[in-house]
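Participant: Given the sequences, and given the hints that come with them, work out the whole structure.
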Amino acid sequence: MTHPLTHFDAQGEAHMVDVSAKAETHRVAVAAGEIRMQPQTFALIASGTAKKGDVLGVARIAAIQGAKRCADLVPLCHPLPITRVKVEFELDEPASRVLCRAQVETLGRTGVEMEALCAVQVGLLTIYDMCKAADRGMVIDRVRVLEKQGGKSGDWHAD
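The UniProt record's numbering numbers the first residue of the sequence shown as 1 and each following residue consecutively.
It is worth saying that the hints were derived from the structure and are not from the lab. A couple of the hints might just be wrong.
What the hints assert, rightly or not - Computed cross-link-like contacts, EDC-like style, restricted to lysine to aspartate or glutamate with a CA-CA straight-line distance of at most 16 Å: (1) Lys132 / Asp54; (2) Lys51 / Asp135; (3) Lys51 / Asp129; (4) Lys52 / Asp135; (5) Lys152 / Glu24.
Facilitator: Structure, rendered in structure tokens:
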């Protein structure tokens, strides 16, 4: 039986998984997360009047860049030819939070879950960075994979 943690070999040493025998398929992953903040901070983002400019516009570009640079940040990730990154932000005024959702796609031999997670994290970190002068108590939370499609293991959707 193979070990369920594929990044370790039989001797327990970390390694990059060999995906050369896998078929190239269309792969998709969707991840999401949120950042909660004070109502005044939320108002700055929603109105577009934050001191550093268009917070969500910059965060969207940062999230896309985060997906593209995932293999530079996570040591055992494969660098992938990403074919699409879609990032959406949703403003939830009653909860004073911004939700981020990223969909990443590739035609490759391994999935893009890590790239989708990285996109969400970098997007939310950028919101924090741009607004920290107004609110250092913001909380990034609930970052998770919502779904993945493609590959030998098939499709998966979070409950």
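Participant: Please name the hints from earlier in the document that this structure breaks, with their numbers sorted from lowest to highest.
Facilitator: none
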